[in-house]
Amino acid sequence: MNVQVSRRGLLKGIGVGLAGGTLGALGFGDLQPAAAAAVRPFKLAQMRETRNTCPYCSVSCGVILYSLGDRSKNAKSAVMHVEGDPDHPVNRGTLCPKGSSLLDFVRSETRTKYPMYRAPGTAEFKRVSWDFALDRITKLLKEDRDKNFVAKNGDLTVNRWTTTGFLGASATTNETAWLTYKTVRSMGALVFDNQARV
Amino acid sequence: MTNLWMDIKHADLITVMGGNAAEAHPCGFKWVVEAKAHNNARLIVIDPRFTRTASVADLYCPIRQGTDIAFLSGVAKYLIDNDKLQHRYLSAYTNASFLVKEGYDFSEGLFSGYSEDKRDYDKSTWDYEIGPDGYAVVDETMQHPRSVMQMLKKHLAVYTPEMVERVCGSPKETFLKVCQMIAETSSPEKTMTSLYALGWTQHSKGSQNIRSMCIVQTLLGNIGMLGGGMNALRGHSNIQGLTDIGLMSNLIPGYLNIPIEKEPDYASYIAKRQFKPLRPGQMSYWQNYNKFFVSFQKSMWGDHATKENDWAYDYLPKLDVPTYDVVRGFELAKQGKMTGYVIQGFNPLLSFPNRGKMTEAFSKMKFVVVMDPLQTETARFWENHGEYNDVDPSKIQTEVFELPTTLFAEEEGSLSNSSRWLQWHWQAQEPPGECRSDIEIMAEIHLRMKAMYEREGGAFPDPIVNLKWDYAIEESPTAIELARELNGYTLAPIQDATGNTIPAGKQVDGFAQLKDDGSTACGCWIYSGCYTEKGNIMARRDNTDPGNRGIAPNWAFAWPANRRVLYNRASCDPEGKPWSEKKKLIEWNGKQWVGFDVPDYGATVSPDKGMGPFILNQEGVARLWTRGLMRDGPFPTHYEPFESPVANVVFPKIKGAPAARIFKGDLADLGTSEEFPYAATSYRLTEHFHGWTKHSKINAILQPEAFVEIGEVLAKEKGIAKGDWVRVWSKRGSVKAKAVVTKRIKPLICDGKPVHVVGMPQHWGFIGETKKGWHPNSLTPVVGDCNTETPEFKAWLVNIERTTPPADRERTA
Numbered sequence: 001m002n003v004q005v006s007r008r009g010l011l012k013g014i015g016v017g018l019a020g021g022t023l024g025a026l027g028f029g030d031l032q033p034a035a036a037a038a039v040r041p042f043k044l045a046q047m048r049e050t051r052n053t054c055p056y057c058s059v060s061c062g063v064i065l066y067s068l069g070d071r072s073k074n075a076k077s078a079v080m081h082v083e084g085d086p087d088h089p090v091n092r093g094t095l096c097p098k099g100s101s102l103l104d105f106v107r108s109e110t111r112t113k114y115p116m117y118r119a120p121g122t123a124e125f126k127r128v129s130w131d132f133a134l135d136r137i138t139k140l141l142k143e144d145r146d147k148n149f150v151a152k153n154g155d156l157t158v159n160r161w162t163t164t165g166f167l168g169a170s171a172t173t174n175e176t177a178w179l180t181y182k183t184v185r186s187m188g189a190l191v192f193d194n195q196a197r198v
Numbered sequence: 001m002t003n004l005w006m007d008i009k010h011a012d013l014i015t016v017m018g019g020n021a022a023e024a025h026p027c028g029f030k031w032v033v034e035a036k037a038h039n040n041a042r043l044i045v046i047d048p049r050f051t052r053t054a055s056v057a058d059l060y061c062p063i064r065q066g067t068d069i070a071f072l073s074g075v076a077k078y079l080i081d082n083d084k085l086q087h088r089y090l091s092a093y094t095n096a097s098f099l100v101k102e103g104y105d106f107s108e109g110l111f112s113g114y115s116e117d118k119r120d121y122d123k124s125t126w127d128y129e130i131g132p133d134g135y136a137v138v139d140e141t142m143q144h145p146r147s148v149m150q151m152l153k154k155h156l157a158v159y160t161p162e163m164v165e166r167v168c169g170s171p172k173e174t175f176l177k178v179c180q181m182i183a184e185t186s187s188p189e190k191t192m193t194s195l196y197a198l199g200w201t202q203h204s205k206g207s208q209n210i211r212s213m214c215i216v217q218t219l220l221g222n223i224g225m226l227g228g229g230m231n232a233l234r235g236h237s238n239i240q241g242l243t244d245i246g247l248m249s250n251l252i253p254g255y256l257n258i259p260i261e262k263e264p265d266y267a268s269y270i271a272k273r274q275f276k277p278l279r280p281g282q283m284s285y286w287q288n289y290n291k292f293f294v295s296f297q298k299s300m301w302g303d304h305a306t307k308e309n310d311w312a313y314d315y316l317p318k319l320d321v322p323t324y325d326v327v328r329g330f331e332l333a334k335q336g337k338m339t340g341y342v343i344q345g346f347n348p349l350l351s352f353p354n355r356g357k358m359t360e361a362f363s364k365m366k367f368v369v370v371m372d373p374l375q376t377e378t379a380r381f382w383e384n385h386g387e388y389n390d391v392d393p394s395k396i397q398t399e400v401f402e403l404p405t406t407l408f409a410e411e412e413g414s415l416s417n418s419s420r421w422l423q424w425h426w427q428a429q430e431p432p433g434e435c436r437s438d439i440e441i442m443a444e445i446h447l448r449m450k451a452m453y454e455r456e457g458g459a460f461p462d463p464i465v466n467l468k469w470d471y472a473i474e475e476s477p478t479a480i481e482l483a484r485e486l487n488g489y490t491l492a493p494i495q496d497a498t499g500n501t502i503p504a505g506k507q508v509d510g511f512a513q514l515k516d517d518g519s520t521a522c523g524c525w526i527y528s529g530c531y532t533e534k535g536n537i538m539a540r541r542d543n544t545d546p547g548n549r550g551i552a553p554n555w556a557f558a559w560p561a562n563r564r565v566l567y568n569r570a571s572c573d574p575e576g577k578p579w580s581e582k583k584k585l586i587e588w589n590g591k592q593w594v595g596f597d598v599p600d601y602g603a604t605v606s607p608d609k610g611m612g613p614f615i616l617n618q619e620g621v622a623r624l625w626t627r628g629l630m631r632d633g634p635f636p637t638h639y640e641p642f643e644s645p646v647a648n649v650v651f652p653k654i655k656g657a658p659a660a661r662i663f664k665g666d667l668a669d670l671g672t673s674e675e676f677p678y679a680a681t682s683y684r685l686t687e688h689f690h691g692w693t694k695h696s697k698i699n700a701i702l703q704p705e706a707f708v709e710i711g712e713v714l715a716k717e718k719g720i721a722k723g724d725w726v727r728v729w730s731k732r733g734s735v736k737a738k739a740v741v742t743k744r745i746k747p748l749i750c751d752g753k754p755v756h757v758v759g760m761p762q763h764w765g766f767i768g769e770t771k772k773g774w775h776p777n778s779l780t781p782v783v784g785d786c787n788t789e790t791p792e793f794k795a796w797l798v799n800i801e802r803t804t805p806p807a808d809r810e811r812t813a
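As you go down the protein sequences, you meet chains P and U in turn. Numbering follows my numbering, with no gaps: position 107 of the first sequence is 107. Numbering follows my numbering, with no gaps: position 756 of the second sequence is 756.
Since the hints were made in silico from the structure, they are not lab data. Fair warning: there could be bad hints in the mix.
What the hints assert, rightly or not - Output of the computed footprint for chain P on chain U, the stretches with three or more beta carbons under 8 Å from beta carbons of chain P:
1) 53 to 62
2) 435 to 441
3) 496 to 504
4) 637 to 643
To be verified - Covered, in the sense of this in silico footprint (three residues per stretch, anywhere, with C-beta under 8 Å from a C-beta of chain P), are these stretches of chain U:
5) 24 to 30
6) 79 to 92
7) 98 to 109
8) 226 to 237
9) 278 to 286
10) 366 to 374
11) 481 to 487
Just so you know, even glycine gets a beta-carbon here, dropped at the ideal spot from N, CA and C.
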């Protein structure tokens, strides 16, 4: 079910077949090896193709991400090119001005890369370790929850926490959303929302 | 969407109102062009601006923003007055013949039961008359004065073409032309599709804007049909999924509800959700609520949710207000009542109204955590960026964390698009730097919290320490493990519908197999079927389309139950024969329902049983009148936006929607049309996606800087030329931008007076590749839709004048 349909092999085959076949038909059979060597290889044919979905609007166009590096150990892969997926029944290979420039989004200079921390009253972010950030965040969460958790309202059991808020993200996967739901709701949080309103 | 993107090609008429699909959803809009080219379809666009969608329309009708209900009520009145109705559909498939109980009333803009102090209704009179047999009373002739049909006629009477022109500024002749074109689709052979987006939702009565078109579509018999339906073009790639999985204050996945505190135990909670049929022989599918709820609780807390402990009902928080939505969250923060906010992939500093209030609210919190693949303005609300973010960091005592996350190209999983398709995608590259996935970060938060509660104890640790967390690698659950939970599985052997036994530990085939006795677990019942014993159904890539219906039933998975067109039983007449052979979706073959789509009906329920096609509704039929299900009334009613350039000529005593929630400080922050005479609205450009693409170089080159769009008449009045710097201000703030003077916006003549529209695109901030600028949220009011609390971004008031450039732009100006 999870087979990645690769068109790389197919493209390679077509490329060689065309070069050979056309030249052969014109009677230049002997030149074939030299001519084939002179044909510049199609760069995308060297790349790995991955099926993905445009992260912007709700049309969710199919995209093909072309990356270098086969993701084997020590071969770090990087996306080099993005195209509309011609097999996708909605966009049928097309992309809009937003989707066509996804490569610049992936490679944006203003992407976050390291956990950053801004101490009270200071004017800059400082790089910190994941452990520092996660320890401090969970300590702050627990402190607030323990202090402000409401177990009862009169006789009624209410078990709610309303002093720390949580916002979900509209470009995360359903699977991320579910894990977020479990984590947030198990703490009794009610100040919980997403982008559905904006 | 009730239908799907490809299905638009079957429409005979496409009405785009409350949206601008050509620019905001370009590759989906392609199907409109397809319908025009190959199905002789016509396109109507109703919008304050002559958008690019309008530029390819057969008919463009201008409208003042915030008056859609008056317009569409006028259309509904036209259909009834001119007998342009799908009569059999109306009598068999809608509640037009149901009787409303005595005591329900509507006068001078208010329904019965209004309390001015509470800004809310006592809805007890908003229901059907119930007969001695326990069922709603109906009058098949629809002549009874308390029948829904007669009530509707009475309610619509005021919306004459003349009134529509006075309120909306839409010329009467153009309005009538729209009515005539829409009326043609009352033929069972013809359909209209309605495409809308945030142009309808971002109003104080957004839900009722949509209800108005639902009434029109139901009168015409266009729901459940190929090329018909109500099609919400959602804004983000997975906002449908986030909503489905219930990441909201008051939801449990699959549109179940978080209990309120007046439901102290499971018995009292479920008693209100029995959803017994209101007419004989109806399915009323929500009768299965308990199965979905118990399976959800088992998915959350496994063995700790038992029949004896009410399925761990006490582990769920109980609400004391309708919702703790974002608007309430930041109101509480402004009041100093919030300690912190954990924000995943969201930029609320720029996406919620009244930037000044948002900055104040953030500054009062002890801590803010932002998880995002991009550097957002929210994570830097404390950082000084000159006049674009004029704050003093030394005075802000908030601890801020910016956690780097992966984005789409670096992770696998599913997204739910507007067509309700769950499409799987795969990872293409390694993330940069030390980015982690949101899954790993949330897992760490849970595991560290759990460890602390186990070690130190604290407030009610039970739901945290007992949360079901049986992933192979606890710190990094896989997307497949989580998808399997969403689908649901058996915990003990169960019997399926045919009597076969399914052993424990198997993925269920769909939600019909879920039980209320604890023998099944399911994270989100409507997603059941997405990952079965057959494997990952969401990863299917077979795009074949039998009968060229635009269905592609084996591509990915559509909720519910892989059904592509909702309410498709209504595409057939009561005898089970398609209304239109050309538009056939399913049909009754004498033994069962067969066809191109999964029937939205009992597969073997014969037509002579009289079961209605709207199987989720207790009535079995579509609702023209919505009982007490909407907070602001069973019929849509025209109210002006909270900031409006004109008085309410329909109901002069009432200004904003009477049941909309508005906090005291925000009420005081509303401006008047004397000070702020121009009707402003926000919108999107085709080159940008919200604030994300300002981080992408090509998009920043295509649309580098913020602008304000005004018409030529206003520009002349104000002495503003194209390219001038202008100041635009409201009661809440002031911004600068370049002026774009266009022919696309023309003054609307409302009640004899011109109204000028000011348009503000919403793509700039103070971080990214574009020039720095302001988002319209610096100016917008804080008031939400009565039912959803969606802020009123599409209709508010400003003033405008020519000005000097911002300090950083002086040399280049």
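Outcome of the hint check:
1. Under the rule that three or more residues need a Cβ within less than 8 Å of chain P, the assignment of the region 53 to 62 of chain U is violated, with 0 such residues.
2. Counting residues of the region 435 to 441 of chain U whose beta carbon lies closer than 8 Å to any beta carbon of chain P gives 6, which reaches the threshold of three, so the coverage claim holds.
3. Coverage of a stretch by a chain is defined here by at least three residues with a beta carbon nearer than 8 Å to that chain's beta carbons; for the region 496 to 504 of chain U and chain P the count is 0, and the condition is violated.
4. Figure legend: the region 637 to 643 of chain U, annotated as covered by chain P; annotation inconsistent (0 residues with Cβ-Cβ distances under 8 Å, at least 3 required).
5. Given as covered by chain P, the region 24 to 30 of chain U passes the check, having 6 residues with a CB less than 8 Å from a CB of that chain where 3 are the minimum.
6. Look at the region 79 to 92 of chain U against chain P: 0 of its residues bring a Cβ nearer than 8 Å to a Cβ of that chain, fewer than three, so the hint is violated.
7. Counting residues of the region 98 to 109 of chain U whose CB lies closer than 8 Å to any CB of chain P gives 0, so the stated coverage by that chain is violated, three being the minimum.
8. Restraint check on the region 226 to 237 of chain U versus chain P: 5 residues with Cβ-Cβ distances below 8 Å, three needed, restraint holds.
9. Residues of the region 278 to 286 of chain U lying with their CB closer than 8 Å to a CB of chain P number 0, which falls below the three-residue condition for coverage.
10. Look at the region 366 to 374 of chain U against chain P: 7 of its residues bring a Cβ nearer than 8 Å to a Cβ of that chain, three or more, so the hint holds.
11. Three residues within the 8 Å Cβ limit are the bar, and the region 481 to 487 of chain U against chain P gives 4, so the coverage statement holds.
Comparing the model with each earlier hint shows violations of hints 1, 3, 4, 6, 7 and 9; every other hint is respected.
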